[in-house]
Amino acid sequence: RTVEPLEYYRRFLKENCRPDGRELGEFRTTTVNIGKCLCSITTADGSALVKLGNTTVICGVKAELAAPAVDSANKGYIVPNVELPSLCAERFRSGPPGEEAQAASQFIADVIENSQMIVKEDLCIASGKLAWVLYCDIICLDYDGNLLDASVFALLAALKNVQLPLVTINEETGLSEVNLKQKNPLIIRKHPVATSFAIFDDTLLIVDPTAEEEDLATGTVTIVTDEEGRLCSVHKPGGSPLTGAKLQDCITRAITRHKEVKKLIDKVIKSLTPK
Amino acid sequence: PGDTSVLAGLYGPAEAKISKELPDRAALEVLLRPKVGLPGVLERSREQLLRQTCEAVILGVLHPRTAISLVLQVLSDAGSLLSCCLNAACMALLDAGLPLAALFCGVTCALQPDGTILLDPTARQEQEARAILTFAIASTERKVLMSTTKGSCSVEEMQQCLAAAQRAATTIFQFYRDSVRRRYSK
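Those sequence lines, one after another, are chains A and B. When you line the first sequence up against the UniProt record's numbering, it's residues 1 to 275, in that order. When you line the second sequence up against the UniProt record's numbering, it's residues 1 to 186, in that order.
If you're looking for bench data, these hints aren't it; they were derived computationally from the structure. Just so you know, not all the hints are guaranteed correct.
In silico DSS-like links for lysine-lysine, alpha-carbon gap of 27 Å or less [to be verified]:
id	chain 1	residue 1	chain 2	residue 2
1	B	K150	A	K62
2	B	K150	A	K75
3	A	K267	A	K246
4	A	K190	B	K35
5	B	K150	A	K14
6	A	K246	B	K143
7	B	K143	B	K35
8	A	K14	A	K262
9	A	K120	A	K14
10	A	K270	A	K183
11	B	K150	A	K120
12	B	K150	A	K262
13	A	K183	A	K120
14	A	K246	A	K183
15	A	K259	A	K129
16	A	K14	A	K75
17	A	K246	A	K75
18	B	K35	A	K259
19	A	K62	A	K14
20	A	K246	A	K14
21	A	K246	B	K35
22	A	K246	A	K62
Keep in mind the model is a prediction, meaning the values are calculated, not measured.
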C-alpha cells in the first residue's frame with residue numbers, strides 16, 4: 001500500500017469499491033454539532049462542528065459593527081477565512097496561509113456571494129452609518145480529504161446558529177445602542193451544499209474522497225447546489241478532462257446529496273430550539 | 001479578446017529547488033500579477049486553477065525534478081480575464097515547445113438576466129449578468145478541463161453554456177493554429 005499506492009487502489013476500483021469499504025458513490029458518515037452547548041466556541045456568536053468521516057472542520061462566526069463602504073452604503077460584510085493549521089495534516093506547515101487555504105477561502109466567499117445565502121443588504125442597520133460585519137473563521141482540525149464540502153457545511157450550520165442582537169441608533173447622540181437581551185436569528189435565504197468528486201484515470205468518479213484518494217486522483221470536481229436545484233458553483237480546478245455527460249451525472253448526484261444534508265441540518269436545529 | 005490583455009512568460013524546464021522538486025514529474029508554478037496592487041486571495045485561487053489546468057496537459061513525467069514557471073501579468077482588464085489568462089498560458093506553453101498532451105482554451109459565458117447566453121463578455125456585461133461561467137476546453141474531444149462559475153444558474157443553462165463554449169473552442173483553436181503558423185513561417 002505504501003510502495004505502489006496507485007496499483008493498490010486500482011485493484012479496489014476494479015471491484016467497484018474502496019479500501020475503507022465504501023461504494024464509489026457512498027459518502028462517509030456526517031455528524032454536525034451546533035451551538036454553544038454542544039460545540040466548543042462559547043465566545044462566538046454562532047458556531048458549528050462538522051465531521052465528515054475523519055475530516056473535522058469547525059466554524060465560528062463573530063459579528064461586529066462597522067461603517068459600510070462608501071460605494072455600497074447599504075451593504076454589510078461577510079469575511080470568510082479558511083485556515084489549515086499544521087496540526088491537521090503533516091503536509092501543512094505553520095506560517096502564512098498556503099495556497100490551498102487561500103483558494104478555499106476564495107471558494108467559500110464565492111459560494112456565499114453566488115448563492116445569495118446571506119444578502120448583504122440584510123446586514124445593514126443604518127444606511128451609510130452602521131452595518132454588521134460577519135467574520136467567519138473556518139478551521140480544519142483534522143484533514144482527511146474533502147475540505148470544501150465540510151467547510152461549506154460547517155459555515156451553513158454556524159450561520160444558522162448565529163443570533164444577532166438588536167442594534168438601534170440613538171437619534172440624538174448618533175451612537176449605537178446594542179440590546180443584548182433581544183436577539184434575532186440571521187436571515188439565511190438559500191442553503192448551499194457542496195459535493196466533491198475525485199476523478200481517477202480520466203474515467204472513474206468517486207464521491208467524498210479521503211486524503212489518500214485525493215492524492216492519487218487525477219482531478220477533482222466540486223459542485224454546489226441550493227434547494228431549488230440551481231447550480232451555485234461548478235468548481236473544477238484543472239485535472240483530467242470530463243465530458244458534459246459525466247458532469248451532468250455529478251450534478252444529479254449533488255442534488256440528491258443536497259436533500260440528505262438539508263434533512264440532517266434541519267433535524268439538528270430542531271433538536272436545539274426547544275431550549 | 002477585446003481590450004483585455006495578459007502577458008505570459010514561461011521559464012523552464014529549469015533546475016528546481018530541492019524543497020520544491022518532485023521526483024517523478026516537473027513542478028509547475030504559476031504567478032498571476034494584477035495590474036494594480038499586490039496579489040491577493042483572488043489571484044491565489046486563480047493561480048491554483050491555472051496551475052492544475054496546465055498540470056493536466058503538460059507531460060511532466062518527461063522532465064522529472066525540474067521546475068516550470070509561468071508568470072502572467074495583467075496589462076488591462078476589460079472582462080473575461082480568466083479565459084484570457086488561460087489562452088495566454090496555452091500559447092506560452094506552445095511557444096516554449098513543452099510537450100503537451102492536449103491544447104486548451106478558455107471561454108467565458110455570461111448568462112444575462114433575460115436568459116440569453118453571451119460569449120466573451122465585456123466588464124459591463126459581466127456586471128449585469130446573472131451568472132458567469134468560465135470553462136477551459138481541451139482540444140481532444142472538447143472535454144471540460146476546468147470550470148468555475150460566479151452567480152447561480154440552473155442545470156440546463158449550464159449545459160447550454162457548455163455547448164456554446166465547446167463550439168467557440170473550435171474557433172479559438174483555429175486562431176492558435178494561424179498564430180503559430182505565422183510565427184514560424186518567417
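Structure-based check of each hint:
A distance of roughly 26 Å separates the Cα atoms of K150/B and K62/A; the hinted pair therefore holds under the 27 Å criterion. Restraint check for K150/B and K75/A: satisfied, since their Cα atoms lie roughly 19 Å apart, inside the 27 Å limit. Of the pairs offered as hints, the one joining K267/A and K246/A is violated, with about 32 Å between alpha carbons and a cut-off of 27 Å exceeded. Pair hint K190/A plus K35/B does not hold up; C-alpha atoms about 35 Å apart against a cutoff of 27 Å.
For the proposed pair K150/B and K14/A, the alpha carbon gap of about 37 Å is over 27 Å, so the pair is violated. With a C-alpha separation of about 10 Å, the suggested pairing of K246/A with K143/B holds against the 27 Å cut-off. Restraint check for K143/B and K35/B: not satisfied, since their Cα atoms lie roughly 31 Å apart, outside the 27 Å limit. Of the pairs offered as hints, the one joining K14/A and K262/A is violated, with about 33 Å between alpha carbons and a cut-off of 27 Å exceeded.
Straight-line distance between C-alpha atoms of K120/A and K14/A comes to about 48 Å, which puts the hinted pair past the 27 Å bound. The hinted pair formed by K270/A and K183/A meets the criterion: a straight-line CA distance of about 18 Å does not exceed 27 Å. In summary, the hint linking K150/B to K120/A is supported, as the alpha carbons are separated by about 17 Å, within the 27 Å threshold. Between the alpha carbons of K150/B and K262/A the distance comes to roughly 23 Å, so the proposed pair stays at or under 27 Å and holds.
This hinted pair checks out: K183/A and K120/A have alpha carbons roughly 19 Å apart, not beyond 27 Å. Restraint check: the Cα-Cα separation between K246/A and K183/A comes to about 46 Å, which exceeds 27 Å; the hinted pair is violated. Distance hint between K259/A and K129/A is unfulfilled; the C-alpha atoms sit about 40 Å from each other, more than 27 Å. At most 27 Å may separate the alpha-carbon atoms for a hinted pair to count; K14/A and K75/A exceed this at roughly 52 Å.
Proposed proximity of K246/A and K75/A is contradicted: the alpha carbons are some 39 Å apart, above 27 Å. Only pairs whose Cα atoms come within 27 Å are accepted, and K35/B paired with K259/A is rejected, the gap being roughly 43 Å. Simply put, K62/A and K14/A have alpha-carbon atoms about 47 Å apart, too far for the 27 Å limit, and the pair is violated. Distance restraint check for K246/A and K14/A: the Cα-Cα separation of roughly 19 Å lies within the 27 Å cut-off, and the hinted pair is therefore satisfied.
Proposed proximity of K246/A and K35/B is contradicted: the alpha carbons are some 37 Å apart, above 27 Å. Restraint check for K246/A and K62/A: not satisfied, since their Cα atoms lie roughly 40 Å apart, outside the 27 Å limit.
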